[in-house]
Structure formats: C-alpha cells, structure tokens
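Chains A and B supply the protein sequences, listed in that same order. Counting with our numbering, you get residues 1 to 228 for the letters of the first sequence. Counting with our numbering, you get residues 229 to 456 for the letters of the second sequence.
Worth double-checking, as some hints may not be accurate.
Derived Cβ-Cβ restraints for the label pairs, each shown as a range [claimed, not checked]:
1. 392/B to 79/A: 24 to 34 angstroms
2. 428/B to 124/A: 34 to 44 angstroms
3. 93/A to 380/B: 37 to 47 angstroms
4. 362/B to 138/A: 46 to 56 angstroms
5. 320/B to 12/A: 38 to 48 angstroms
6. 336/B to 55/A: 35 to 45 angstroms
7. 335/B to 147/A: 38 to 48 angstroms
8. 75/A to 334/B: 38 to 48 angstroms
9. 78/A to 320/B: 28 to 38 angstroms
10. 199/A to 448/B: 18 to 28 angstroms
11. 124/A to 392/B: 42 to 52 angstroms
Honestly, the hints are just simulated from the structure, not real lab data. The C-beta atom is built at its ideal place from N, Cα and C for all residues, glycine as well.
2 protein chains.
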Amino acid sequence: MTDQASITRISDEIAKRVKSRLSESDSLSNPPSFNPREKVLIPVSVSGRHIHMTREVLESLFGKGHDLGIYRKLSQPGEFAATEQVTVVGPSGRAIEKVRVLGPPRKFTQVELSRSDGMRLGLELPVRRTGDLSGSPGITVIGPAGTVVLSHGAICATRHVHMTGEDARAFGLRDGQIVRARFAGERGVILENVLIRVSDRFALDFHLDTDDSNSAGIDTGCFAEIIP
Amino acid sequence: MTDQASITRISDEIAKRVKSRLSESDSLSNPPSFNPREKVLIPVSVSGRHIHMTREVLESLFGKGHDLGIYRKLSQPGEFAATEQVTVVGPSGRAIEKVRVLGPPRKFTQVELSRSDGMRLGLELPVRRTGDLSGSPGITVIGPAGTVVLSHGAICATRHVHMTGEDARAFGLRDGQIVRARFAGERGVILENVLIRVSDRFALDFHLDTDDSNSAGIDTGCFAEIIP
C-alpha cells in the first residue's frame, strides 16, 4: 500500500468509526463488562464465498496446465483472489455463479460458503476450520473446461483472526484461543466463538463471512474489538 | 396450540438447545459477565422481507376493493401473513420477487428488507423503528393490478422484542429500553441495540431479520437470552 493509500484508508476508517460512535445508542454509553481502556482492535476482511482447490481440480475445471491469474492480492502473504471464477450447484438444483477461486492451489479442495448460500443450495453447512473437511457435504463445481463432483468440501468457515506471534504477544492472545469480537454501531454485535490463529506466515486480519458482516452492518476496513 | 403440538414444540426446542450446548466451545464454559441463574429467555421469530401497506396502495397493486387473504396468522394478535405477494425493484434495476404482504392494512406503507436485500436493490437502508419512515429511500412495488412508486418507506427494521406489560414487569424491562440479546451455539452472537416494545396488544416475541438469523445460525422457535 502506498503512503497516500494508507492515509486515505486510515482517514476513511476514522470517519467511519466516529460516525459509528455518534450513532451508538444508550446501551453503549453504559460501561461494558470489559475494560475499554485496553481495547484490542483488529482490522476486518469480509470473505465472500470462494473456493480453494488442488492443482488436479484446477486442471479439470480450467484445462491441462492452466495457471491461475492474479485478480487481487489478499491480506495473507502469498494468497490471492484469482481471475478465475466457477459455478457451484447443490442438491436443491440451484446454482451460485461467479464463485471466486483463491490461489495458490492447495493440498485440498474446499468451498467456503455462508449459511444463506447453503440454504439456497440445499446444503446444511458445518462450521469448520480450514482443511477440516471430513464429513462435510459434497458439491458440484463447474468450470469452463469441465465439471468436478466433490464428495465433500463445502463448509461454513469458523470465524477466525490471523495474526503473527508478535501480534499475539502484544495482545496477550494465543494460538487456538476462542474469543469474542465486538462491532459497535446501530447494528452492533458481539460475535462468539472466534478462533485466534497465530503464525509468522500470517498478517493481522479478521475473516468474517457475509452473513456476519451483513448482520453487523460492517465492511472490509472496519475494526473489531477483541474480548478475550 | 394443542397440547400435542405444545409437547412437540417443547421437545424439539429442548433437543435443539441440548445440541447447541454440547457444541459450545471453551469460551462459553467460562462464566459470562451476566448472571446465568437469572436468564430472561424470549422466543424468536425470523422476519423475512415483507411489506405493510395502506388500503390505497393495496388497491393500486391488487385492484379496487381487494381484500387480503390470510396465508398464516402471526405471533402478534390480529396480524397475518397474507396470501398476496409483490415484487420490489430498487435503483440497481434488480428485482426481488415474492415479497410477502402482511395484513391488515396500515396507515403507512413500509417495506422491511435485510441489509443484503438492500445491497441487491442498490439501496442504503436506514435502521428504523416501525412507522419512522422520514428520509428513508423510495422503492418501486409491483402487483398484479398495478405498480406503485413509493417516494420513501424502505427500511431495515430495528431489532425488537414485543411483550405485554405483564411480561415486562416479570422480566424487569420497560418500554423503549435498549438491551442485548444472546444466542448460544457454535455461531453464537450477542446482538446489541435491541428495542423492547411493551403493549398489552402484543404477544411475547423477538423479531429478527434474516441477516441476523443467518449470522447466528438460528431459526424461528429458538430462544434469545436478554441481557439488560
């Protein structure tokens, strides 16, 4: 990010937060049960529905030797939203188009959907950590060069925060810890069962799905307050 | 409700709650900041998108002298989901079909949508109490006998609980109070800015929109714990 872009982002964020504070209702001016002087604030990225895939699935959907194009870099180092998109179909017979492929290819194929996507597709999606796919429902994935019928791999991702070891020490949090996260505002929520994931390969970022972001009225660029 | 139906409903609810408790993570076995021995539990109804309308708008959409049919009675005495449905269109040019009409006709026309509906229609929906429509965006409503272009009336309803004066006294709550509401489970949330509405014309019921219910993974028939 250039300095100019940083300044714009920070300014927008401050404006948004001030506006949000001003619109807070009476319940929020009462002292909360946690100490507001020790707030842990974490930037948020809203994760739209997306698919991670193996190289084998990638080639079945897009053709032999196909490499993913980079549409946009993501917050996690090396990760990117690809130019490629797929269609997914569930047992309801209904399809969801333009599901973004994330790269680079992984060791497993995983379709991350919201609960409302699951209802549309006729899938009861389990809430799972990434890669924990045993017993998850199957789904059909359609690309320009072919269709893959996955026997499992459709999940609703566990709410989670990525952070480095240094971040975790600074915040007093540890890998695998379950916390709550608060979003202020007129549609304020406190999300429970948020998983802290610590690795020096990560960058600080809170990943939410679109059901959560729509409920709370938040967008990428907002901040969440972690309540240990 | 017949006794048999009551038993079925209670059994289903207990099964659901036990399942939910078993799936709760570590964060929930820690003592919460409120006293769990004094829980105020309120039944929840998920409100899909719907429209209340004046008799004038009703006749413009469905024809002169048209009366609403009763599709299903609602929790609030006298209120019903009508057999009639409409299509709504916003500035994005996209339509949402099968928006349920609620009866009986009211003194104002109000379209209650979720934030994700608003995004689809190209509307920035304000969060409002029922009937508080000044400055809310307009929307086009299409029925079998005509189309009405509303200059205002599209809102995202404030999260609210209906209760009688007797309920309010029992729970130690008052009309207009803003509370928090907790839903347990692996997608647990605490919703903030929930409005308590007290009237002896009401029946006890917590009204949530589909963004909130999808975020929390809950359905009509669940219970919310009120945190004053």
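Structure-based check of all given hints:
no. : hint                               : verdict
1   : 392/B to 79/A: 24 to 34 angstroms  : violated, 53 angstroms
2   : 428/B to 124/A: 34 to 44 angstroms : holds, 40 angstroms
3   : 93/A to 380/B: 37 to 47 angstroms  : holds, 38 angstroms
4   : 362/B to 138/A: 46 to 56 angstroms : holds, 50 angstroms
5   : 320/B to 12/A: 38 to 48 angstroms  : violated, 23 angstroms
6   : 336/B to 55/A: 35 to 45 angstroms  : violated, 58 angstroms
7   : 335/B to 147/A: 38 to 48 angstroms : violated, 54 angstroms
8   : 75/A to 334/B: 38 to 48 angstroms  : holds, 47 angstroms
9   : 78/A to 320/B: 28 to 38 angstroms  : holds, 35 angstroms
10  : 199/A to 448/B: 18 to 28 angstroms : violated, 40 angstroms
11  : 124/A to 392/B: 42 to 52 angstroms : violated, 36 angstroms
Comparing the model with each earlier hint shows violations of hints 1, 5, 6, 7, 10, 11; every other hint is respected.
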